[in-house]
Every structure is written in structure tokens, then in C-alpha cells.
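Residue numbers (our numbering), protein chains in the order written: chain A, 63 to 380; chain B, 414 to 665.
Do not rely on the hints blindly, as some may be mistaken.
[Stated by the list, open to error] SDA-like mimics (lysine to any residue), calculated; alpha carbons at most 25 angstroms apart, straight line: (1) A/K344 to B/H444; (2) A/K241 to B/L488; (3) A/K371 to B/L488.
Keep in mind the hints are simulated off the structure, nothing from the lab.
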Amino acid sequence: MEINLEEAFQKRIDEEIKIEPRDWMPEKYRKTLLRQISQHAHSEIVGMLPEGNWITRAPNLRRKVALLAKVQDEAGHGLYLYSAAETLGMTRDEMLAELHSGKAKYSSIFNYPTLTWADMGAIGWLVDGAAIMNQVPLCRASYGPYARAMVRVCKEESFHQRQGYEIMLTLCQGTPEQKAMAQDALNRWWWPSMMMFGPNDDNSPNSAQSTKWKIKRFSNDELRQKFVDVSVPQAEILGITIPDADLKWNEARGHYDFGVINWDEFNQVVAGNGPCNKQRLKARVDAWENGAWVREAAVAYAEKREKRKQNTENTNAA
Amino acid sequence: MADKDLLYNYTLHLADNSMILGQRCGEWCGHGPVLEQDIALTNIALDLIGEARSLYQLAASLKGGTATEDTVAFLRDVLAYRNVLLVEQPNTDWAYTIVRQFFYDVFHFYLHSELMNSSEERLKNIATKTIKEVTYHLKWSSEWMIRLGDGTDLSREKMQDAVNGLWEFTGELFMSSAIEQKAFEAGFAPDLNILKPLWQEKVEDVLAESTLFIPEKNYQQKGGKTGVHSEHMGFILADMQFLQRAYPGANW
Ligand SMILES: [Fe+2]
Ligand SMILES: [Fe+2]
């Protein structure tokens with residue numbers, strides 16, 4: 063019986079019919095998705111922190127408003143994704159508990175510090191840019207709630223990407239100091255952005271199953287290549303240099319060749335040793351703990367109000 | 414048309430209040446007690462800074478020359494900011510943030526209700542747009558006052574503490590500066606004496622529903638409107654102005 067269910071499930075996937083929350087699904091499919099979606103949701107809200115810390119320092123009013131709106135969008139993405147993940151049988155609070163305990167991961171990129179205003183440009187351009195590469199295929203993911211959440215997310219991410227690139231462009235057309243700021247940001251954010259696509263294909267054990275389930279449509283290395291191919295001409299327009307001595311056009315492949323990623327650094331950051339891991343997690347835990355009395359009071363008030371309403375109704379009925 | 418200098422200075426009173434409170438609300442972004450409220454408070458920050466921008470643009474056009482919304486917003490020193498002490502008070506916690514917001518929202522609401530009838534067309538237009546936003550802010554902060562005041566013992570204690578702590582900054586809202594007095598006499602700004610009882614009544618209503626009390630100690634601080642700010646203001650400006658000061662004249 064189990065085998066037939068699984069066969070029918072795979073058949074639906076092969077026919078590109080979306081899986082919905084009430085449909086039967088293999089336990090491993092559910093777990094894989096839950097891990098991926100909750101991790102994605104955590105990345106959105108932890109990702110608010112490095113940019114959020116520039117809101118009070120944004121250089122002019124237009125940029126301040128745009129940055130506020132952008133960071134707010136990321137909170138919205140977190141909301142959509144937590145909701146999608148909840149359909150798989152875990153509450154938002156349970157997911158957050160796993161984030162706070164360190165059990166759940168989030169994208170390593172957010173464990174790097176934002177040092178200058180140019181980082182707001184580089185993050186939008188490269189980090190949101192890499193996120194889009196990863197996420198556009200997820201709009202067709204086999205799980206319905208995830209795919210639909212990603213459609214909304216992707217629209218906003220591409221806006222963020224353009225906004226970030228525009229910050230870079232303004233800096234690169236500005237004073238020599240501003241241009242140097244832009245170059246420095248590219249230097250610091252390039253390689254961590256490249257790491258956002260995950261380990262090389264020959265080192266990515268879960269990819270085959272995810273591909274079969276149509277949670278994953280392109281391999282890590284395919285997406286990374288696409289990111290490089292798109293980013294190189296963009297950097298040329300800016301007039302700044304991608305920090306990779308091995309970067310060159312390969313006529314035969316029709317792609318850019320690029321250097322080897324420092325996976326040691328990647329693994330260290332994943333293991334909690336990045337420059338801001340502790341600080342980011344602490345910020346999330348503090349927000350949660352400092353907000354506990356607020357959440358408790360909101361629940362207590364709602365209960366009181368409900369009780370009063372019932373009392374009034376009873377009185378009226380009597 | 415109103416005297417240019419007077420209108421410019423009066424506009425700064427309005428703009429600086431919303432700017433500085435927007436800056437404070439923006440500090441919460443990413444740190445709210447629950448995701449939905451993080452988003453809601455950021456919305457308020459966006460509205461406040463949006464309103465400030467309209468006002469700074471008006472101020473810049475009155476000043477003329479090379480003035481822009483940004484030169485007016487960023488390039489004054491602390492003594493030239495005209496905002497009240499209330500809006501520069503630190504976030505402290507969610508209770509202080511809500512109470513500060515509520516006290517200001519009530520004022521902001523009645524102020525713009527009056528400014529919608531201003532003889533100065535440009536203020537009138539800004540007020541007409543702002544009132545819709547402020548109506549929502551006031552609803553939001555009133556609901557949180559009630560929810561937390563009448564929530565748990567702990568939340569009531571924290572809210573009462575915030576009311577006690579911020580009460581001394583509410584009086585200044587209604588102490589007319591020389592500029593506000595002249596603007597009233599010129600006929601384009603409301604009489605703050607008329608706003609005060611409206612504010613008082615609304616605040617008393619919501620506090621009563623929140624099971625909170627107005628503190629007995631009623632000494633009122635003042636100074637913000639004439640540039641004599643709290644020590645907090647310098648730090649707000651240090652953040653806000655950092656890039657404008659470090660790279661004078663740069664384009665961003
Ligand atoms: Fe996002
Ligand atoms: Fe984004």
C-alpha cells in the first residue's frame with residue numbers, strides 16, 4: 063500500500079501537479095521541505111539585522127525610506143514563509159525555538175558585518191541577487207504553499223536587487239571615496255555571496271532526492287555559474303573589480319571561469335564561527351525574550367475580552 | 414500668503430517632530446516582540462518620515478537657493494531642531510514605545526485635524542494626506558495601550574511605569590513657542606490651547622479603558638521647541654547625520 067502511495071505521489075510530481083497540505087506525502091518529503099522553508103524563513107528575519115543597523119544612519123531621506131521599506135519587506139517574507147512551513151505541521155513558535163537554540167540554521171551570509179553604507183548597495187545587488195537566482199526556480203516547487211509564497215517573495219527581491227545596484231551605481235559615479243567604498247564592499251561580499259549557492263554538486267548529498275521531488279530544479283553549481291555570468295557585466299558597468307584573479311571568459315564553455323571557493327571559511331561560518339554569528343543570534347533571542355511579556359499580555363487581554371463578551375451575551379440571553 | 418520665515422520655522426516644528434519620532438521607531442526594525450508588530454511599527458516610521466519629507470520639501474522651497482529636503486533635515490546642529498522632548502525619548506522597551514507613540518498620536522491627530530483647515534494651502538494639503546495615516550496610528554497605539562494596560566499584572570506595571578516616566582514630556586506639546594504663537598496669530602496654525610482639552614479627554618478615556626492612571630506628580634519639562642533638548646538628541650543626530658557630515662556634498 064505504502065509503495066502505491068509513493069508511486070502515485072511521484073507520478074503527480076512528474077506531471078507537475080502541486081502537492082497541497084492535505085495530500086499524502088512521504089515523511090521525508092515533509093521533513094525536507096519543513097527544514098528548507100523554515101531555514102529560509104529564519105534567513106529572512108535574521109537578514110533584517112545587518113541592514114537594519116543602517117536605518118538610523120541612512121545618508122538621506124529617500125534612502126532611509128527605501129531601506130526601511132526593504133527591511134520591512136524581509137519581515138513580510140519571513141511571515142509568508144513561516145505560514146507556508148506551518149502547513150507542514152510545525153508552529154511558528156516551535157520553529158523560532160529551534161532558531162534560538164541554534165538547532166535550525168539560516169543563511170550564512172548574514173553572519174558578516176555591514177561596515178559602510180556601500181554594504182547596503184552590495185547586499186541588495188549581490189545577496190538579493192543570489193537569492194533571486196536560488197528562489198525563482200522555487201516558484202515552481204512541487205509543494206503548493208511554498209511555490210505560492212515564493213512568487214510573492216521573488217517580486218520583491220528583484221526590486222531589492224535593482225535598488226541595491228542603484229546604490230552601487232550612485233556610489234561609483236560619486237566621489238573617489240565613495241567609489242572606493244563600493245569597491246571595498248564588493249571585495250567583502252563577493253565570496254560570501256558565491257557561497258550562498260551551497261556546496262559544490264559533487265559534495266551536495268541531498269540534491270538528487272530534492273531534484274526528483276522537484277523542490278530543486280537546478281544544481282548549486284549551475285546556479286552559481288549563472289550568478290557569475292550575470293554579475294560580471296554588471297560590475298563592468300559599475301567600473302569596479304570582482305576580487306577573483308581567475309575570473310575570465312571561457313569562449314568554449316560560453317561561461318565565465320572563476321576561482322576556487324574557500325570552503326573552509328564557509329564551514330567555519332556554518333559552524334557558528336563567522337564574525338557575527340553570536341551577535342545575530344543574540345539579537346533574535348533578545349527580541350524574543352524582551353517581547354515575551356508583550357505576547358503574554360496580548361493573549362491574556364484577548365481571553366479577558368472573550369470572557370466579557372460571553373458574559374454580556376449570557377446576561378442578554380437571560 | 415504667510416510670511417516666509419515664519420512659515421519656514423513653523424514647518425520645522427512639525428517636520429522635526431515626525432522625523433525624530435520616525436527615527437526612533439525605525440530603531441525597532443528587526444527587533445520587535447512579534448513579526449506582525451515589527452512590520453506595523455515600521456509602517457508608522459515610514460509614514461512619519463514620509464510626512465517629514467513633505468514638510469522638509471516645503472521648508473526647502475521656502476528657504477530657496479540650494480536648500481533640499483536633506484540639507485534642511487540633516488545639516489542643522491542640535492539647537493536648531495524644533496521637536497518636542499517627548500519624541501526624542503529613548504525606546505526603552507515596548508511599553509515606553511507604545512506610550513510615547515500614543516501621547517504623540519493623540520496630539521498629532523488633533524493637530525492635523527486643525528491644519529486641514531489652515532489658510533496656508535501647502536500645510537493644508539500635507540495635513541489632508543497625513544490625517545489618514547495618523548488616524549491609523551492612533552487606533553493602533555490606543556489598542557496597544559488597552560491591550561497591555563489591561564493585559565497581565567506585569568504588563569500593567571510596565572505600562573504604568575512608562576506613563577509615569579513620559580508624562581512630564583506631554584505638557585510641552587501645548588506650550589506655544591514664539592513661532593507657534595505667531596503662526597497662530599497669522600492665521601495658518603491652530604491655537605494649542607484648543608488642542609489641549611481635546612488631547613486630555615482622549616488620553617483620559619484610553620487610560621481609563623487601559624486601567625492606567627495619570628500620575629499625580631505633574632511637573633512638566635520643556636525646551637525642545639526652543640532647541641534646548643535632552644542629551645539623547647545629540648546621539649540621535651550623530652547617527653542620522655554621520656554620512657552627511659563625513660562626506661560633505663556627496664550624492665547618495
Ligand atoms: Fe527576502
Ligand atoms: Fe530582499
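Hints and how they fare:
1. A/K344 to B/H444: 11 angstroms, holds
2. A/K241 to B/L488: Satisfied, since the Cα-Cα distance of roughly 23 angstroms is no more than 25 angstroms.
3. A/K371 to B/L488: The hint is violated at about 54 angstroms.
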